[in-house]
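Trainee: Sequence:
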Amino acid sequence: MPGLLRKLVIFAAVDGLILQPPVANLRNYGNNDSALLIDYKTGRVSSLPASASELSERDSGLESYGLVGLLSVASYSFLIAITQRQQVAQIQGKPVYAVTNIAVIPTSSLKDASHAIAQARESSRQGDDDDDEQDEIESDGTASDSETDAGDTDVGTAPSSPVQTEHSLHNRSNSIAEDVMGKRVPFGRFAANWLSRKTLGLPGLGTVDHDGNGSMLDTKDADVQGSPTGSDTEEALAASGSESSPERGEGPSSSPSVVELLPKLLRYTKLIFASHNFFFAYDYDLTRNYGTSDLSAKSLLPPHKVADELYFWNRHLMAPFIGAGAHSYVLPLMQGFVGQREFTVAGAGRPSTEASDSARPEGQMLGETSAAEAMEAAANKRDFLLTLISRRSVKRPGLRYLRRGVDDDGNTANTVETEQILSVPDWDPAHRVYSYLQIRGSIPLYFSQSPYALKPVPILHHSTETNELAFEKHFRSLSRRYGKVQAVSLIDKLAGELKLGNEFDKYTKSLNEAGGIEGKPLGLEWFDFHSECRGMKFENVSRLVDRLKPTLEEYGDTMVQSNTVLRTQAGIIRTNCMDCLDRTGVAQCAFAQWALERELQSEGIDLDLASDSSTQWFNTLWADNGDAISKQYSSTAALKGDYTRTRKRDYRGALNDFGLTLTRYFNNIVNDYFSQACIDYLLGNVSTQVFQEFATELQTADPGISVQKLRQNAIDTSCRIVISDPSEEFLGGWTMLTPREPNTLRTLPFEESVLLLTDAAVYNCRFDWDTDKVMSSERVSLRSISRISHGTYITSTLTTAQTAERHNVGLVIEYREGDSHDLRVNTRSLHSSVDTTALDKNSAAHSSEWPVSSWFKGLRAPTARIMAFKALPVSNSVTQTKNPGSPAVSEGDWVRSICEEIQRAIVASPDTEGPDQLVVEKGEIISLEDARKRTGILETLVHDVKKLVWA
Numbered sequence: 001m002p003g004l005l006r007k008l009v010i011f012a013a014v015d016g017l018i019l020q021p022p023v024a025n026l027r028n029y030g031n032n033d034s035a036l037l038i039d040y041k042t043g044r045v046s047s048l049p050a051s052a053s054e055l056s057e058r059d060s061g062l063e064s065y066g067l068v069g070l071l072s073v074a075s076y077s078f079l080i081a082i083t084q085r086q087q088v089a090q091i092q093g094k095p096v097y098a099v100t101n102i103a104v105i106p107t108s109s110l111k112d113a114s115h116a117i118a119q120a121r122e123s124s125r126q127g128d129d130d131d132d133e134q135d136e137i138e139s140d141g142t143a144s145d146s147e148t149d150a151g152d153t154d155v156g157t158a159p160s161s162p163v164q165t166e167h168s169l170h171n172r173s174n175s176i177a178e179d180v181m182g183k184r185v186p187f188g189r190f191a192a193n194w195l196s197r198k199t200l201g202l203p204g205l206g207t208v209d210h211d212g213n214g215s216m217l218d219t220k221d222a223d224v225q226g227s228p229t230g231s232d233t234e235e236a237l238a239a240s241g242s243e244s245s246p247e248r249g250e251g252p253s254s255s256p257s258v259v260e261l262l263p264k265l266l267r268y269t270k271l272i273f274a275s276h277n278f279f280f281a282y283d284y285d286l287t288r289n290y291g292t293s294d295l296s297a298k299s300l301l302p303p304h305k306v307a308d309e310l311y312f313w314n315r316h317l318m319a320p321f322i323g324a325g326a327h328s329y330v331l332p333l334m335q336g337f338v339g340q341r342e343f344t345v346a347g348a349g350r351p352s353t354e355a356s357d358s359a360r361p362e363g364q365m366l367g368e369t370s371a372a373e374a375m376e377a378a379a380n381k382r383d384f385l386l387t388l389i390s391r392r393s394v395k396r397p398g399l400r401y402l403r404r405g406v407d408d409d410g411n412t413a414n415t416v417e418t419e420q421i422l423s424v425p426d427w428d429p430a431h432r433v434y435s436y437l438q439i440r441g442s443i444p445l446y447f448s449q450s451p452y453a454l455k456p457v458p459i460l461h462h463s464t465e466t467n468e469l470a471f472e473k474h475f476r477s478l479s480r481r482y483g484k485v486q487a488v489s490l491i492d493k494l495a496g497e498l499k500l501g502n503e504f505d506k507y508t509k510s511l512n513e514a515g516g517i518e519g520k521p522l523g524l525e526w527f528d529f530h531s532e533c534r535g536m537k538f539e540n541v542s543r544l545v546d547r548l549k550p551t552l553e554e555y556g557d558t559m560v561q562s563n564t565v566l567r568t569q570a571g572i573i574r575t576n577c578m579d580c581l582d583r584t585g586v587a588q589c590a591f592a593q594w595a596l597e598r599e600l601q602s603e604g605i606d607l608d609l610a611s612d613s614s615t616q617w618f619n620t621l622w623a624d625n626g627d628a629i630s631k632q633y634s635s636t637a638a639l640k641g642d643y644t645r646t647r648k649r650d651y652r653g654a655l656n657d658f659g660l661t662l663t664r665y666f667n668n669i670v671n672d673y674f675s676q677a678c679i680d681y682l683l684g685n686v687s688t689q690v691f692q693e694f695a696t697e698l699q700t701a702d703p704g705i706s707v708q709k710l711r712q713n714a715i716d717t718s719c720r721i722v723i724s725d726p727s728e729e730f731l732g733g734w735t736m737l738t739p740r741e742p743n744t745l746r747t748l749p750f751e752e753s754v755l756l757l758t759d760a761a762v763y764n765c766r767f768d769w770d771t772d773k774v775m776s777s778e779r780v781s782l783r784s785i786s787r788i789s790h791g792t793y794i795t796s797t798l799t800t801a802q803t804a805e806r807h808n809v810g811l812v813i814e815y816r817e818g819d820s821h822d823l824r825v826n827t828r829s830l831h832s833s834v835d836t837t838a839l840d841k842n843s844a845a846h847s848s849e850w851p852v853s854s855w856f857k858g859l860r861a862p863t864a865r866i867m868a869f870k871a872l873p874v875s876n877s878v879t880q881t882k883n884p885g886s887p888a889v890s891e892g893d894w895v896r897s898i899c900e901e902i903q904r905a906i907v908a909s910p911d912t913e914g915p916d917q918l919v920v921e922k923g924e925i926i927s928l929e930d931a932r933k934r935t936g937i938l939e940t941l942v943h944d945v946k947k948l949v950w951a
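Numbered by my numbering, the letters in the sequence shown go through residues 1 to 951 in order.
Be careful, since some hints might not be right.
[Claimed, not checked] Here are the computed lysine to aspartate or glutamate pairs in the EDC-like style, where the Cα-Cα straight-line distance is at most 20 Å:
1. Lys506 - Asp606
2. Lys381 - Asp606
3. Lys473 - Asp428
4. Lys773 - Glu468
5. Lys381 - Asp608
6. Lys537 - Asp612
7. Lys509 - Glu532
8. Lys773 - Glu751
9. Lys506 - Asp492
10. Lys709 - Asp770
11. Lys773 - Glu503
12. Lys473 - Asp505
13. Lys933 - Glu805
14. Lys549 - Asp606
15. Lys499 - Glu465
16. Lys537 - Asp492
17. Lys773 - Glu465
18. Lys922 - Glu891
19. Lys395 - Asp383
20. Lys381 - Glu603
21. Lys94 - Asp428
22. Lys520 - Glu472
23. Lys395 - Glu309
24. Lys395 - Glu472
25. Lys94 - Asp426
26. Lys882 - Glu472
27. Lys493 - Glu532
28. Lys111 - Glu122
29. Lys493 - Glu525
30. Lys473 - Asp409
31. Lys520 - Glu554
32. Lys499 - Asp528
33. Lys381 - Asp612
34. Lys520 - Glu539
35. Lys709 - Asp608
36. Lys509 - Glu472
37. Lys484 - Glu553
38. Lys499 - Glu518
These are calculated hints, taken from the structure and not from any lab test.
For clarity, every value in this text was computed on a predicted model and none was experimentally measured.
Make the full structure from the sequences, and use the hints.
Mentor: Set out below in structure tokens:
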């Protein structure tokens, strides 16, 4: 079956960017033959009439192999086109490609788009001859071997298709968008320079790029070569958004923080999609395993409608094209790994170069082969093709320490499905095809680890009920997809990892005692990898395979013949260590080796992959897979890669692992925070407010964890713990920020606490969000409250968001100190009360540094005390995405409503003397002017250093 040649042409016209449809010589998907228009003013995608799409000047456009999608940020939008690809495999004669370079084209104006396309076209002319040659290869769907490792006579390392790099756009292309990417901003200069010198791997800040040969390039050279600098660059940035309109998202999202971080976002976008980690095929669904994909390739549905959304990485960026019905433009991309090796084995069960000494005729020299033996060996040789595909899930995506454990929907971090396919090189349907699936994923419990330690101890979060619910969701989801599940945990049975392992075991037993998964028990094998393989004897992982051999044989694999599924894999091995990288890679390679040997036995071939030196290609293929997954999660190659490749471990491998560990450590504490924000935004999990949040906190929220649920749980827990009098009626609860020390207005850092209101008192509960425990509670009787003030409450002037008077508001409750005031601290012992005298001394010390009277003019009596609360943002980047149509309530209105609730409770309380005793007023708690005076030089310097490095 001939392959598809898919190229589209991008033009810059008066009304907008015009895309001619890709050439498809097999089929079309509906009425998507017309060209598309991306309007300069609105950024919307729409179809053009047939007459308007007939553009004769083909050489004036930019040819692309497909689209990644349309990136919209506030009032800016950029078309991302695939301009360079590399064929890495072929499945059923259909080429599989890796994306190796992209073009980022601004859609803001004719001038910007024309300039970008002209620059790209000029730099791509030298690759035209290579394109023509590759087009001929694609037209007949054939491929030849072009790469063989020396020394492998019977088991080759050649892929069945040539590794070809196609240049529709030269790797050092530049455009107006790349001028923006090169714009100097005050974020991350130190880290960018450090990274460009050290040439660390992906993902990072966007300061390192790959050229077509896999070498590393400084993005300052690769992306901005020939670009204007200084005022020209600033003019280009302004021009790219000069014709924006409210329809393209202007408003709060177009904050200075978003614009300031836009160059870094574009740089990271180019970096991640050109990292050789995204794969696509025009005629084969890479997102589904071989047994469930359309084997006959006769589906009339467009690829994006049959692709598995779990592995469809550019679905959000393609939404404008899907909405416009432009199905032929939508090319699903999968992140992960695709590798392929063709090998030859002797049917007798050993490589054909081996000769039996006992069978050698007398006088025949060692290595000499008779003509009869040569003919017999040639007749017994059989060719096979091994394909390895790893698919990274779009659920709970991200980077090492920023995405750990499970989320509220049961998705785990670093979830990767790996498929090993054994076939004949020409994919003759008459021959059997074997598919073996494995999966890796983080431990399905709520936990975290600090990125600031080389060996961080995992910290468990949330209640038993919350963990049980997420744990069960995770394994039920796996069961629906794969059948039976056997979990394998490779973490240590020593201090540090032991507690987490025990919890994994406890929740597994609890699930099985409750009936398991649809009546089937969940298996868990805890294999202490470091103990079992002590002394770098990683070959001892075979003990794990032996323990699970009955389960492996029960689950089996999928077998297909003549496009008919003869048997289906009945279950899956789910492997994890702490990161699901290094130990997991070694174990999965061992399981895959068992599966391949078993499948070859079904073909009448007895091959020992562990002891046969000529099968080194198998280890190399799996090591490449491990490195790819590791770079996508931890930004470095996998540890223990030397053993996976060579089945040997020595001190040089250990030293290399130490260097990789240090590199991971640097990335964990410096690069990953902004990279995580970019990943969440590119997948559509957060709004543009994520960049404002990053500019303020230098980190972002986890979209997989419902903050609303956590806060409601904190309110419920606090009610249950601190309201001891059953006669008190609960009226309301809110989570707010409060100064670190009681009776102050500004002691940093502010903490998120719980404010409770009953018909008798108000409570300030300081909450431990990691353990879901109340650490301390302060109770104030309603009859003691003398004044409530609400208004502007600015605690920092370091960022634009922190100085916005409209959003930075709070309230202060002034009360008379007396017997009605009670403060208790959870000491986890019999004693819980705190002497208020000591508290007064502590407060006085802070009051001397931050005089309360200078901040809050209403405090006059020396015995008066205060409780201060600052409003949390009413919405964030996550809630804006999940609830786009919800009405916006300002922070000021929210705080005012809380004050009114407290006032009504005081008036209605029989213990109070009446409403005349309470004063509720609106006024500045900390004004912008006062905040500027109180923001010290050291505080500003620390923030600038963090901004310089972390961002």
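Trainee: Checking one constraint from the list: CA of Lys520 to CA of Glu472, max 20 Å. Satisfied?
Mentor: Holds - the C-alpha atoms of Glu472 and Lys520 are around 13 Å apart, at most 20 Å.
Trainee: Checking one constraint from the list: CA of Lys94 to CA of Asp426, max 20 Å. Satisfied?
Mentor: Satisfied, since the Cα-Cα distance of roughly 11 Å is no more than 20 Å.
Trainee: Is the Cα-Cα distance between Lys509 and Glu472 20 Å or less?
Mentor: With Cα atoms ~12 Å apart, Lys509 and Glu472 stay inside 20 Å; holds.
Trainee: Below or equal to 20 Å on CA atoms is what counts here, so check Lys506 against Asp606.
Mentor: violated (41 Å)
Trainee: Going straight from one Cα to the other, do Lys499 and Glu518 come out at no more than 20 Å?
Mentor: violated (28 Å)
Trainee: Verify the proposed pairing of Lys395 with Glu472, using a straight-line Cα cut of 20 Å.
Mentor: Since the Cα atoms of Lys395 and Glu472 sit roughly 17 Å apart, the hinted pair holds (cutoff 20 Å).
Trainee: Taking 20 Å as the top limit, are the C-alpha atoms of Lys773 and Glu468 close enough?
Mentor: Distance ~18 Å between Lys773 and Glu468 Cα, so the pair holds.
Trainee: Is the hinted pair Lys484 and Glu553 satisfied, with a Cα-Cα distance of at most 20 Å?
Mentor: holds (13 Å)
Trainee: What's the verdict on Lys473 and Asp505, does the C-alpha distance respect the 20 Å limit or exceed it?
Mentor: holds (16 Å)
Trainee: Below or equal to 20 Å on CA atoms is what counts here, so check Lys506 against Asp492.
Mentor: Between Lys506 and Asp492 the Cα gap is close to 16 Å, so the pair holds against 20 Å.
Trainee: Verify the proposed pairing of Lys381 with Asp612, using a straight-line Cα cut of 20 Å.
Mentor: With Cα atoms ~16 Å apart, Lys381 and Asp612 stay inside 20 Å; holds.
Trainee: Verify the proposed pairing of Lys473 with Asp428, using a straight-line Cα cut of 20 Å.
Mentor: violated (40 Å)
Violated hints, listed in ascending order, are 1, 3, 7, 19, 26, 34, 35 and 38; each of the other numbered hints is respected by the structure.
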